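With the hints as constraints, model all of the structure from the sequences given.
Going down the list, the sequences are from chains A and B.
Quick note: to get the numbering used here, add 36 to the position in the first sequence (first position is 1).
Quick note: to get the numbering used here, add 30 to the position in the second sequence (first position is 1).
Incorrect hints may have been included.
Claimed, not checked - Using C-beta positions, here's what the derived DEER-type ranges look like:
no., chain 1, residue 1, chain 2, residue 2, range
1, B, Gln153, A, Ser261, 51 to 57 Å
2, B, Ile87, A, His82, 29 to 35 Å
3, A, Leu333, B, Leu122, 32 to 38 Å
Hints listed in this document are in silico derivations from the structure and should not be mistaken for laboratory results.
Keep in mind it's a predicted model, so treat the numbers as computed, not measured.
The beta-carbon is built from N, C-alpha and C at its ideal position, and this holds for glycine as well.
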Amino acid sequence: MAGSSVSVDYALAMATEPVAAGDFFVVAPSLITLLGGSLCLMLRKHTDWQARLGIGFLTLLVLANAGLLIRVLDHGVITMVMGSWLPPFGIAFSVDALSATMSFVGSIVAFCAGLYGAASIDSTGRRYGFYPFLLLLMTGVSGAFLTGDIFNLYVWFEVLLIASYGLLILGNDRMQLDGAVKYGVLNLIGTNFFLIATGLLYGIFGTLNMADIAIKVAALNEPASGTLATVAALYFLAFAMKAAAFPVNFWLPASYHTPNIVVSAVFAGLLTKVGVYALIRVFVMILPASRGYMSDLIALVAILTLLTGAFGALAQSELRRMLGYLVIAGIGSMLAGVAVGSTLSISGAIFYAVHSIIVMTALYMASGIINLMGGSYDLRAIGGLYQKSAAFAAVFLVLGFAVSGLPPFSGFWPKVILVDAAFSDGRSWLGAAILFSGFLTTLAMGRVWIFAFWRGGPEGTADGQAVAVPGAPDGGTALASSALWLPLGILTALIVYFGLQPEWMLELSTRGASGVVEPFGYLRSVFGDQ
Amino acid sequence: METIVVYLIGLFFAVAVYLMMSRQIVRMLLGVAILGNAVNMLIFTNGRLTREVPPLIPSHLYTPEVATANPLPQALVLTAIVISFSFFAFLLVLAFRAYQELGTDEVDEMRLAEPENDQSPPQGY
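What follows is the structure in structure tokens.
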């Protein structure tokens, strides 16, 4: 070689020290799920093995995320750069308290969905690939939470999107095709907006590393320049579409009730929250000036989202569609936290996101059990479930209290924080909207409880007289399976725990929030002490 | 050079938005495909357009001597092309299956998941 006389100083551009063994936790969630998804795909004909293997890998995912969370809480932000290239040249995975918390809670929900799927997905559904798609969805979700590179965030979004398309049309039902068309086209347009904004951001700063962009944005003299304002607006539109905020929310109630109920549960828990996470990451950490500039707009969107979700939920008699609107109402609360933008309000938004991931998944799972017991998702056609199972009625009441934000369950604390933050910021309308939306949610959930559980039988029968619905499955065999009750029990236990002992979660969300509002630890982790 | 490409990108965006506002899914998908190409060209233009200077570094230097073509946008665009192509292919098949099952490719007539005359929930107990 001609260049043999040149000695290359690798220390300029490469990390010369070997990666600490514990730092491999950073990429473990994506690798475990990718490996598990591929193995499950190879075993697509052995449908009983698939469930065991899938649940096994999801258990590993929970353990890896727990390890990651512990390590982040001990060591602060950890960064791993691919190929040992120093940032901003290599592709970075940076994990702070916010990422690790979201990823950990997400993996718990995915594990519960894997368990629930073992009972509710038949062998045809497994052969079509429920477990591979679920694991690959988690690859995308984990990657989106853990990456420190904004273009990679786009790529991970697409990974979870294509896996979610697969899950959504699992079963090839006519209604699913209808829902999937709307979900697919609108989400693809949303990610294209994301890509436009990323391209423009690259054009301005010449870098894609989030920490690098954050430093360069902070160094700008004129933070609200025209191009940067365009970028911020495009990001807001893209993430609002992902999170189903008003007015770009209509794909959600059109599609979330069509797939198998466990698929709806995972979607409702995780997918919109990835959008909220990206919104917090980009608007609070990378573009804080643009967030301040747009905070009135974000507050308006939050209020309208809260009201759309709550009124939409009141207008539905189909249980799953009602829950879809409740997902939207929850997004409004989280947006309210982003609109205020203080450490307190962001910690409220993070706590609410964690609560919403757990409670929405649990509610969809519970509605699946309602369908098995009562034979329908329609409020008019079910009743008398209290007589069939008083324990289940109690669990549903807990979930209803939690989703409405009533004490003593997990929804109460983040709502208190968010309302407090909104009022002390002088945005009384925002605080009022959160409270009003919670009140309407209480009405909607109370109505479900009254009609499905308290009332003796379906509409048109004499009260107190349970009438067998013609054609309704008895559900005895499926209901006897602990695989349906165990995940619901785990999620409900978490809801009760976070409600009665909120200190741990409060500390976690406060650390996550201060980590994005003042990202010194994040920047130091990426660029070293400079 | 940049100016011409920028106008072209603008034209692409206009066509894409026009097509995406259509009620036929096939037209919407064509709009999405054009949108994807517009975005790719946008990324490419943002990474500076330089003709005929490959990003080669002479063997006795660390950095190139002159301003070269930027290789990074090419990598980004390559990723984006692969992704948008696969999504376009998937959605095309999905739209075709929906047309087979539902007998229409007009979104206004696809009302299976959200029935048109949906009854309101029970009013009294």
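Do the hints match the structure? See the list:
Checked against the hint of 51 to 57 Å, the C-beta distance between Gln153(B) and Ser261(A) comes to roughly 54 Å, which is consistent with it. A hinted range of 29 to 35 Å for the beta carbons of Ile87(B) and His82(A) is inconsistent with their spacing of about 52 Å. Between Leu333(A) and Leu122(B) the beta carbons are some 36 Å apart, a value that agrees with the proposed interval 32 to 38 Å.
Checked against the numbered hints above, the structure breaks only hint 2 and satisfies the rest.
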